[in-house]
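**Q** If you want the building blocks of each chain, they are given just below.
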Amino acid sequence: MKPHILLTGLLLLLAACGGGGGGGSTSSGGGFSGGGSSSSSSSSSSVALSNFTTISVDSGPTQAGGNVNIGFVTVTICAPGTSTCQTIDHVIMDTGSVGLRIENEALTPAMRTALPHTQVAGKGAAECYQYVDGYVFGSIRTADFTIGGENVAAMPMMVIGDDGDYANVPTDCSSGGGTSHDTIADFGANGIIGISNGIIDCGSYCAGTTNNGYYYTCVAATCTPSTLATASQVPNPVARMAVNNNGTIVDLPAVAGLGTPSLTGTLYFGIGTQTNNTLGNRTVLTLSNSFLLTATYKGVALTQSFIDSGTNFYGFSDSAIPSCTGNLAGFYCPATSLGLTATLTGQNGVVANVPFTIDNTSQLVQSPNYVLPGLGGDPAGFDNLEPYSNSFDFGLPFFYGRRVYTAISGRNAGGTLGPYIAF
Amino acid sequence: MTSWQAGIALSLLIASVSAPAHATLGGKASTIENDRIRMVGRKSAQMVQGEVTSHEVTLENGTVTRQLTRADGTVFAVSWQGPVRPNLNQLFGTSYFKRFQSDNAPVGRIRMRRALASTHSDFVVRTGGHAGAFWGFAFLPKAAPAGFSAQSLHAGAQ
Numbered sequence: 032m033k034p035h036i037l038l039t040g041l042l043l044l045l046a047a048c049g050g051g052g053g054g055g056s057t058s059s060g061g062g063f064s065g066g067g068s069s070s071s072s073s074s075s076s077s078v079a080l081s082n083f084t085t086i087s088v089d090s091g092p093t094q095a096g097g098n099v100n101i102g103f104v105t106v107t108i109c110a111p112g113t114s115t116c117q118t119i120d121h122v123i124m125d126t127g128s129v130g131l132r133i134e135n136e137a138l139t140p141a142m143r144t145a146l147p148h149t150q151v152a153g154k155g156a157a158e159c160y161q162y163v164d165g166y167v168f169g170s171i172r173t174a175d176f177t178i179g180g181e182n183v184a185a186m187p188m189m190v191i192g193d194d195g196d197y198a199n200v201p202t203d204c205s206s207g208g209g210t211s212h213d214t215i216a217d218f219g220a221n222g223i224i225g226i227s228n229g230i231i232d233c234g235s236y237c238a239g240t241t242n243n244g245y246y247y248t249c250v251a252a253t254c255t256p257s258t259l260a261t262a263s264q265v266p267n268p269v270a271r272m273a274v275n276n277n278g279t280i281v282d283l284p285a286v287a288g289l290g291t292p293s294l295t296g297t298l299y300f301g302i303g304t305q306t307n308n309t310l311g312n313r314t315v316l317t318l319s320n321s322f323l324l325t326a327t328y329k330g331v332a333l334t335q336s337f338i339d340s341g342t343n344f345y346g347f348s349d350s351a352i353p354s355c356t357g358n359l360a361g362f363y364c365p366a367t368s369l370g371l372t373a374t375l376t377g378q379n380g381v382v383a384n385v386p387f388t389i390d391n392t393s394q395l396v397q398s399p400n401y402v403l404p405g406l407g408g409d410p411a412g413f414d415n416l417e418p419y420s421n422s423f424d425f426g427l428p429f430f431y432g433r434r435v436y437t438a439i440s441g442r443n444a445g446g447t448l449g450p451y452i453a454f
Numbered sequence: 035m036t037s038w039q040a041g042i043a044l045s046l047l048i049a050s051v052s053a054p055a056h057a058t059l060g061g062k063a064s065t066i067e068n069d070r071i072r073m074v075g076r077k078s079a080q081m082v083q084g085e086v087t088s089h090e091v092t093l094e095n096g097t098v099t100r101q102l103t104r105a106d107g108t109v110f111a112v113s114w115q116g117p118v119r120p121n122l123n124q125l126f127g128t129s130y131f132k133r134f135q136s137d138n139a140p141v142g143r144i145r146m147r148r149a150l151a152s153t154h155s156d157f158v159v160r161t162g163g164h165a166g167a168f169w170g171f172a173f174l175p176k177a178a179p180a181g182f183s184a185q186s187l188h189a190g191a192q
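Top line first, the protein sequences correspond to chains B and S. Position one of the first sequence corresponds to residue 32 (the working numbering), numbered consecutively onward. Position one of the second sequence corresponds to residue 35 (the working numbering), numbered consecutively onward.
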């Protein structure tokens, strides 16, 4: 079939790119093998490493399937210092946001009671956190947190869609637009773990400014804007880890053809801190303060581009690619698979070519596959309007067949200061 | 600074802002100051290019909003960029905001997790970004001055 032929060509191109590469630094190439055990066991026999966990790309939790190109991980949270714990699967692994946020619905009644609320002057703290397609609102709690072999004690987190004092979403939160993700069905997941380049979800700004757009305090289901000390704000869990706290590696195998029902890979914690997370001579692209870089596509430099595992498609504008219709309007429906290339340029001037494939979305979604490497769309939708094209969003399909490093802002990761992306 | 001092400082800030800027899409600039106060703008600026005036407000949460008015004062476009999507109900006006929300209700068996957008002959919205860095614009094609390019609504383009 044509798609297979084209994709074979793409894989060859990838290998060729890894072997030579242009612009400053080169990738080591060839290193597309997934799985953490092989690289960790081949290194040293002295200590068994546990700085990783499994990524599963599948349709989602049983009560809310229909996800495509979403990587899930499993986490465990406990009431601090106690054995009241819960293990929660289908938590979205998101390199585009910050913080652990779990749906209230996903918690047992015992956990809802046991996780202590963060207080500001005697009132419970809450947060409105926005995603590109909507928002979540809920209470701020603390939990002892475990993922893979990593632990963080008394870590601030959010309980999405909490009840009682937090039952009503403030108007300023819902008026940011989009869908409320305050239930498992709405979110398509039991929660989300934001492991972007950021250390904390707001920072000193929210500690000093009342109308910060993030934090509130709530009494009797009425919430008003509030400051919150940085130590109580929701952190990137990786930034709080004891040793492996300077970033992550997402390692997912390549996916052939039009896709596959599910996919398994590994999320490593730390960069250059263990024998299984070395940076090597991969291409390092440093990012702006907003974690953006430039993608050049068909000769146009898109200066607000980013790499984000929480986006489930390649988001970019190209009026030459036919659009889908009906419920799929906004996604690409080319007659045959298209082999395309974008060029990434970091703040440091380092350049990397990114070959990718765009398939026909209406064909993709009719398959039983939830891993769709060729899914692409125009975040601006389609019509005869001039494109609003200063951004290229590289979603999870970008991660297939790559080992993608996300280095945390201000942290030295393998010899280079974050924020950066490397692959 | 005590609260009453802060209150006086805020009053002075508001009084010192000339030609304050904010109204709903299709509305007149004269209603703008109410919106700015409700949205807790901390500073504002104004720029004129031909018959289009750009009213810029930096919200307390750090997001910059712009509203474009025609010579007759009608707001025909708004844009934003910053850490938080602003109150779009306030920026668009309730009826446009309802259309926008309706356009972005989830559909189909596949969760697309895409940026919010609206496309109509009289009302267009484009948004983008990721958590902590959002941008977007809305405009009324039929109310825009002849020759106006939506491309100029790019974040930072004005």
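Fair warning: there could be bad hints in the mix.
Said to hold, decoys possible - These stretches of chain S come out as covered by chain B in the derived footprint (C-beta under 8 Å, 3 or more residues):
(1) 91 to 97
(2) 115 to 121
(3) 131 to 139
(4) 164 to 170
Claimed, not checked - Derived DEER-like restraints, expressed as beta-carbon distance ranges:
(5) Val82(S) - Ala216(B): 30 to 40 Å
(6) Ser393(B) - Gly96(S): 32 to 42 Å
(7) Gly96(S) - Asp194(B): 44 to 54 Å
(8) Ala177(S) - Ser293(B): 46 to 56 Å
(9) Thr128(S) - Ala251(B): 23 to 33 Å
(10) Thr241(B) - Val82(S): 45 to 55 Å
(11) Thr241(B) - Thr128(S): 42 to 52 Å
(12) Thr93(B) - Val82(S): 50 to 60 Å
(13) Ala184(B) - Pro175(S): 17 to 27 Å
(14) Ala177(S) - Thr261(B): 35 to 45 Å
(15) Thr92(S) - Gly446(B): 34 to 44 Å
(16) Gly96(S) - Thr139(B): 48 to 58 Å
(17) Ala184(B) - Val82(S): 48 to 58 Å
Unchecked claim - Derived contacts from chain S toward chain B, CB cut-off under 7 Å, selection only:
(18) Arg147
(19) Ala149
(20) Leu174
(21) Lys176
Since the hints were made in silico from the structure, they are not lab data. C-beta: ideal position from N, C-alpha, C; glycine also.
**Q** Each hint needs a verdict: does it hold in this structure or not?
**A** Verification of the hints:
1. 91 to 97: n = 5 at 8 Å, threshold three: holds.
2. 115 to 121: holds (count 5)
3. 131 to 139: Result for this restraint: holds, n = 5.
4. 164 to 170: It holds: at least three residues are needed, and the stretch 164 to 170 of chain S offers 6 whose Cβ sits within less than 8 Å of chain B.
5. Val82(S) - Ala216(B): 30 to 40 Å: violated (49 Å)
6. Ser393(B) - Gly96(S): 32 to 42 Å: holds (40 Å)
7. Gly96(S) - Asp194(B): 44 to 54 Å: The hinted range 44 to 54 Å is violated for Gly96(S) and Asp194(B), with Cβ atoms some 31 Å apart.
8. Ala177(S) - Ser293(B): 46 to 56 Å: holds (49 Å)
9. Thr128(S) - Ala251(B): 23 to 33 Å: holds (27 Å)
10. Thr241(B) - Val82(S): 45 to 55 Å: violated (33 Å)
11. Thr241(B) - Thr128(S): 42 to 52 Å: Check failed, 26 Å falls outside 42 to 52 Å.
12. Thr93(B) - Val82(S): 50 to 60 Å: Given a distance of about 58 Å, which is inside 50 to 60 Å, the answer is holds.
13. Ala184(B) - Pro175(S): 17 to 27 Å: Between Ala184(B) and Pro175(S), where Cβ atoms are some 55 Å apart, the hint is violated.
14. Ala177(S) - Thr261(B): 35 to 45 Å: holds (44 Å)
15. Thr92(S) - Gly446(B): 34 to 44 Å: holds (37 Å)
16. Gly96(S) - Thr139(B): 48 to 58 Å: Given range 48 to 58 Å: violated, Cβ gap about 38 Å.
17. Ala184(B) - Val82(S): 48 to 58 Å: holds (57 Å)
18. Arg147: holds (5 Å)
19. Ala149: The hint holds - Ala149(S) has a Cβ within 7 Å of chain B, the shortest such distance being about 4 Å.
20. Leu174: violated (13 Å)
21. Lys176: violated (13 Å)
Hints 5, 7, 10, 11, 13, 16, 20, 21, counting from the list given before, are not met by this structure.
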